Every structure is written in structure tokens, then in C-alpha cells.
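Participant: Single-letter residue listing:
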Amino acid sequence: MLLKTLGITLIIAGCGSWGLLGARRIDKRVAQIKDLRMALGFLEKEITYIHTPLSRALERTARFCGTPVSCLFTESSKGLEAREGITAGEAWMKGLQALKNNAELKAADLDILSTAALQLGMSDVGEQKKFFSLIQEELQIQEEKALQEVESGRKLWAYGGFIVGAMIVLLLL
Amino acid sequence: MVVFEDHSIKNKIISYLSPAIKDMLAGLTDEHLLRLEEIRLRSNQPILLKIGDKDYSVDNKGCFIENLEKGYRVKDEDIYRTIASISDNSLYAFEEEIKRGFITIPGGNRVGLAGQIVMKGNDIKTIKDFSSICFRVAREIKNCAQPLIPYICLPSSSMVMNTLIISPPRCGKTTVLRDIARILSSGSDLFPPRNVVVVDERSELAGSYRGVPQLNVGPRTDVLDACPKAQGMVMAVRSLSPQVIIADEIGRRGDVDAIQECVNAGVSVITSIHAGNLDEVNKRPVIKDLLTLGAFKVGVVLSRRNGPGTLEEIIRWD
Chain A
399 MLLKTLGITL IIAGCGSWGL LGARRIDKRV AQIKDLRMAL GFLEKEITYI HTPLSRALER
459 TARFCGTPVS CLFTESSKGL EAREGITAGE AWMKGLQALK NNAELKAADL DILSTAALQL
519 GMSDVGEQKK FFSLIQEELQ IQEEKALQEV ESGRKLWAYG GFIVGAMIVL LLL
Chain B
13 MVVFEDHSIK NKIISYLSPA IKDMLAGLTD EHLLRLEEIR LRSNQPILLK IGDKDYSVDN
73 KGCFIENLEK GYRVKDEDIY RTIASISDNS LYAFEEEIKR GFITIPGGNR VGLAGQIVMK
133 GNDIKTIKDF SSICFRVARE IKNCAQPLIP YICLPSSSMV MNTLIISPPR CGKTTVLRDI
193 ARILSSGSDL FPPRNVVVVD ERSELAGSYR GVPQLNVGPR TDVLDACPKA QGMVMAVRSL
253 SPQVIIADEI GRRGDVDAIQ ECVNAGVSVI TSIHAGNLDE VNKRPVIKDL LTLGAFKVGV
313 VLSRRNGPGT LEEIIRWD
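As you go down the protein sequences, you meet chains A and B in turn.
When we follow our numbering, the leftmost residue of the first sequence carries the number 399, and every step to the right adds one.
When we follow our numbering, the leftmost residue of the second sequence carries the number 13, and every step to the right adds one.
None of these hints come from the bench; they were simulated from the model.
Be careful, since some hints might not be right.
Unchecked claim - Derived pair list, reagent style DSSO-like, types lysine-lysine, alpha-carbon separation capped at 27 Å: (1) Lys492/A - Lys87/B; (2) Lys492/A - Lys300/B; (3) Lys527/A - Lys34/B; (4) Lys132/B - Lys476/A; (5) Lys527/A - Lys140/B; (6) Lys528/A - Lys34/B; (7) Lys443/A - Lys111/B; (8) Lys443/A - Lys87/B.
A quick note: this is a predicted structure, and the numbers were derived from the prediction, not measured.
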């Protein structure tokens, strides 16, 4: 009986924790998109006002923002600093891969960021401004969508985890 | 003439090329590098190396060939990667340079750009969709102007003679002007050093990169980089108290007016003009007026007969 009770507790606690983690991931996604928007704003200023060379601008942006968003800029900057014939687009995609591995972003968020690979650094100030504005607006929309998901999704994940745990227990009994 | 620095071409120019082309050019010998004048990348055309007066190419295996048709055909990707490398992936930081059609890279070498020109009103806004790139090797030939110095700095006069260098393109007038700047700025046992201002409209004389001269123009030389000649000469007289002003390739009415202003202010002017000989100079009304007024005291005619910088004639207008 004691073993059974322990098993039930473990299953419900495990599934509940999984659900709570899922709910936390939704919260994190909103914060990370917001961080990304701010970091891109910083990068935009470095490029359009100070004309900082891209590798240094990325490095400075990495220092400006927190983890895990900083890994996008750190990895991109490292790629360019190595000066092995790598283009800004290739370095950016490398950074994006690192971000994907460390952040809670969805594919749609990463798709928006990947469009930057086509433009980053390789046009005049006016064009850079336009593309940074566009990308930040698109991220703003993603952030609003993510916020809406938070309300419904957080409850779904948090309660869902315990409910799934309870159902598994019922099935096993 | 003694040529310096050419072993650094590999680092200062070839390192900027796309990785595919960089590998192909790895086999260039020192002899080739010593005489290399240009590397031209044109989209879908064979890569072209101007060595002395001849054009060469390299094939896919990196073999040096004279038959250009068998040369490696430059891909759009090569152009893109090379532009990315030259600009440090930051074209936005080179807007002014791109408007002027070239970027100067560390070492003072110039990279000419061609592609689709974007206009804003009557002005060039930028170049996009680059289709060709031309690397021009900046040659620093120390003491190449030494034979001219006795004519420019007369022992009997404390002034430097106002001098016009007459030369067709690619005959070494920029190299000679640069060396004159260095020699006058350094001084010697025979003449004192002078304050020199180089008005470098096309960033060729001093090869400035981000405003800092990359080529030796002497210790007492101020460089007004990318500055229009006429405005630069007047600005220099007012603000930098020069004894000598050096500028390349005059030709416009504004240049002539500025030279007259400098000469009247007691500042010596050494400059150059595109022409084969004095007769051709006299066919240009604007410059002819200047010569008639006696603005220049010495004329130097250069050619390429025995290689760039061949001294053909010294003209005195005393």
C-alpha cells in the first residue's frame, strides 16, 4: 500500500512538474521575444547612428542583453571575428542555431529572425533602418500573440500536467 | 627605382578575396606579386590580373594562364563574399566611399566598385547589386621623385617651386606626388623640411583608411582625405599653415581658382594633370589660363616608356 501511494504521488508530481515547466516556458517565451526586440533596437542604433562595424556591434549587443538572447549575438560576432570568409548571413544563422538550442522560442519567431540573414550589414543605413523596423514590428506581433497564449496556455499546462498525471494513475489502477 | 612592400600584397589584398579565389591565387609567385597592378573580378567573366602591361588569369586549379577564356569565371557569390570581406560585412559604414565608387582598404589599396547605381535627385545615392570589383595595388616607391627635387627646391630660393606634373593615366604621377610629399616633409641636408598638406580627393595619394594615411607621406604632412580639391586647398591655407600643398589631377575651374588663391597667399602648389605633353595641356582653356598667369614655374612630363614614372621632360616657366 505504501509503495502504491508513493508511486501515485510520484506520477502526479512528475506530470504536474512537467506541466508547470511548460507553463513557465510560455512565460519565458514572452520575455525572450521582448529581450530580442530590445537587443535588435540596440543593434539598430549601433549600425545606423554609430556605424560600428558589424562584428563589434554584435559583440556590444551581446553584452547589452541577457541570456539566452545574448548567445545569438555572441555566436554571430564570433563567426565574423574569426575572419574566415564567412558572411554576415552565415554568422547570423550560426547564432540563430545557438539561440534555438537555448531559448524557448517557436519556429515562427526564429523564422522572423532568420530573414535578417539576407540583409544584415549588407546595405546602406536607410535600408538597414527599414529592415530593423520591420523585424521589430514582426516580433512585436509575435510578442502580443505569445502574451495571449500565456493566459490560456499557462493554465492549460499547469492544470493539464496534474490532470494527465491523475489519468495515468486511474488507468494504472 | 626601388620597390618596397610587395610581399605584403598577399595579406593586404588577396586576403580580402572570396575563399575560392583566394585559394586559386595562393600560387602567385613573388615575381608576379612584385609587378601586380590590378586584380579585376567581373561577374561571369574570367578573373583578370594586370601584371605590368599584360592581362593574365588563373584557371580552376590555380594555374597562371595567358588565355583569358580558360580562366576561372567569377561567380556572383565571389563578388558578394569579396564585398562582404572588404566592408567587414558593414556596407552601411562605407556609404560615402560607395557613393564615390571605391573603398580604400588597410594598406592604402583601392577597391573600385561597379554595379547598379541608385540615384537620389541628381546625386548618386549608392551602388547596389555589385557586378565588378577592381583591386588597385597602391605602390609606394621611395625616392622615385628624387630626380625632380633639384628642380622643385632650388638652392637659390627658400620657396618650393609651383610644379605641374603632366602625365597620361597609369604613368606614375600619383606615386611621384606621394614621394614628393614625403621628401619635402622630411627635409634633407640640402633643404629644410616643410609643412605639407595633401588634399587627397580620391584617397589615392595617402591611401587613407578611416582617415589615417596608410602610405608614407612624411612626418610633417597633414592629409585632407576625401576632400574636394578646390575647397581643401583653401581650407588648408586658412587652417593648417602649409608651406606646400599637394593635390592630384586638377582640371576644373574651381581647382584653378583655388590654386591661384594659394599661390597669392605664398603657398607653393604641386599638382598633376592628365595629358600626354604640354601641347595637350594648352588645349585645355582653364589650365592654359593658369599657365599664362605664370602660376606654375616647373612642368614635369612623365610617360611609361621605360616603365611607370619615366621622366620625359622638365619645363621651366621662369
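Participant: For each hint, tell me whether it holds in the structure or not.
Facilitator: We went through each hint and held it up to the structure:
1. Between Lys492/A and Lys87/B, the direct Cα distance comes to roughly 24 Å. Compliance with the 27 Å bound is thereby established for this hinted pair.
2. As the CA atoms of Lys492/A and Lys300/B are separated by approximately 62 Å, the hinted pair breaks the 27 Å bound.
3. For the proposed pair Lys527/A and Lys34/B, the alpha carbon gap of about 33 Å is over 27 Å, so the pair is violated.
4. Of the pairs offered as hints, the one joining Lys132/B and Lys476/A is violated, with about 37 Å between alpha carbons and a cut-off of 27 Å exceeded.
5. In summary, the hint linking Lys527/A to Lys140/B is supported, as the alpha carbons are separated by about 16 Å, within the 27 Å threshold.
6. Using a Cα cut-off of 27 Å, the hinted pair Lys528/A and Lys34/B is violated, with the two alpha carbons roughly 34 Å apart.
7. For the hint linking Lys443/A to Lys111/B, the alpha-carbon distance of about 22 Å falls within 27 Å, and the restraint holds.
8. Under the criterion of a C-alpha separation no larger than 27 Å, the hint pairing Lys443/A with Lys87/B is inconsistent with the structure, at around 34 Å.
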